[in-house]
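Following the hints, put chain P in place on chain V, whose structure we already have.
In case you want the letters, here they are:
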Amino acid sequence: MIPALLAVLAIIDAAFAGFRAAAGRDARIFKRAYYQRAVLVGVGAGVALVLALAALTLAALVLARSPSALYAELLAIGARMLHVFLAYALLVVAALVLYATARRELRILATVSILGPFTLLRPLVVIVATIRGLGGGASLPAIALTVVSSASVLGLGRLLDRRYGREPPLT
Amino acid sequence: MTLDRPEISDLVIAFEPATLERLPVPRDEVLATLERHGMSAAARLVARWPHPEGVLDARFVDAVLLRAHLELQRLSEEFRQGERMRSLLVPLLDTLRRERVPGPYRVVDVGCGLGYVIRWLAAHGGLGDDTRLIGCDYNAPFISFATRLAAEEGLRCEFAVANAFQLSEPATIFTSTGVIHHFRRESLDRFLGEQGASGASAFLHFDTKPTYLAPIGSWIFHRARMREPLALHDGVLSAVRAHSPDTLAAAARRTCPEFAVGVHDGARELVPVLKVMLALVGVRRELRGAYLERLGPLAGRLGELA
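Chains as they are written, first to last, in this note's numbering: chain V, 1 to 171; chain P, 1001 to 1306.
Bound conformation, chain V alone (with noise of 0.2 angstroms):
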């Protein structure tokens, strides 16, 4: 469950790092198709991230001592870890609701206090959540993969950007 439910949040992340990399680069008035390719782009990256993540971790069980601890620690540390980023994630889904539905001043209200300084606190979300996740004490191996997994979550949301940002700023 706490790996799936890591995975899940990882991949919506990336479909908005997706969306955050397109946005302010296409002036066009109708653009809900280069909207939906932006996002899909996110989710195939987040998708592949997870993956390679899963594999990272596959083989570093494989390499462990105790294979069953390490697995175990794991899970503790991504617990302690979903409680911050479930909250995070609640914040943003209900301003997103909130946007999506309310007259135009309470929309305003979402993203004036909710989605834009969200955005810009969510590197320090994630760096919060790692801090916690490794609070209780972790082996070598499980901060490694904690740090490395943190690390490329960030790291995905600039590689995506600099995708958008070599194509020609036009339409």
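A couple of the hints might just be wrong.
Selected chain V positions facing chain P (in silico; Cβ < 7 angstroms) [to be verified]:
no.: 1; residue: Ala23
no.: 2; residue: Gly24
no.: 3; residue: Arg25
no.: 4; residue: Glu105
no.: 5; residue: Ala110
no.: 6; residue: Thr111
no.: 7; residue: Ile114
no.: 8; residue: Leu120
no.: 9; residue: Pro123
Since the hints were made in silico from the structure, they are not lab data. Quick caveat, the model's predicted, so the values are computed rather than measured. Built from N, CA and C at the ideal position, the CB exists for glycine as well.
Below, chain P alone, put in the same frame as chain V:
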């Protein structure tokens, strides 16, 4: 002092006022102006730009401004500037029809940039067949881009590299979004006075609402959404430079005595997060009553239309 600080985009591009011909901009003059205002970070940014023979590379400047405006459009989409404009424009057009002001009604967006609001209105405005949408800007690359975008999406609007107050077919309504704070003191009076003298029936000028939260809110937003350093710098500064409702209303009443003037969403709020934009609204005095009636519940947010 802060209010007088120029935005980088005000300095790095210049036009001959009569012919709108692009003028060369000496880099050192820009740097000196920025340093004079204590804007060292902005000066360092511009100092890195290419400047053959001491003049800022026009193509590079255009590319920077284009990227900044693409990002600005993203904010306009998020803050629903098109919808915002439509909410005051539709009752205004209804007023003109009801008061038998002869059409077609020419809505001229001053300093339209990439023409987002005009194109949005063409796509979603439902303004009627008697309405023409025209965007004006001095920046030729912006106008050619806006024209291309409109054609690509089959939007019924037009764009012109022109002084909006000197069009061969004059405006019925002047509009703008995020432009009016660029005009300071006498130039604000001139900007509004030209509209009063133009024979137009009305104007609607939207801009950031200056509140105690606006500067920090603007910083957060631009930091979160903008990639282009110029967009970040100018976006934050524009929230600081935004005119107060009283300044706007006083300037419009002073320069356009034949207009009834009010500020939509200009009222102070304890926690100013719901209404982040205001609009300077002016209508010819003979249209005042009919416009207030057509505005319906929105009239309550207009303050005094006098």
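Evaluation of the provided hints:
no., hint, in the structure
1, Ala23, "holds, 5 angstroms"
2, Gly24, "holds, 4 angstroms"
3, Arg25, "holds, 6 angstroms"
4, Glu105, "holds, 4 angstroms"
5, Ala110, "violated, 10 angstroms"
6, Thr111, "holds, 6 angstroms"
7, Ile114, "violated, 11 angstroms"
8, Leu120, "holds, 4 angstroms"
9, Pro123, "violated, 11 angstroms"
The structure fails hints 5, 7 and 9 (numbered hints given earlier, in ascending order).
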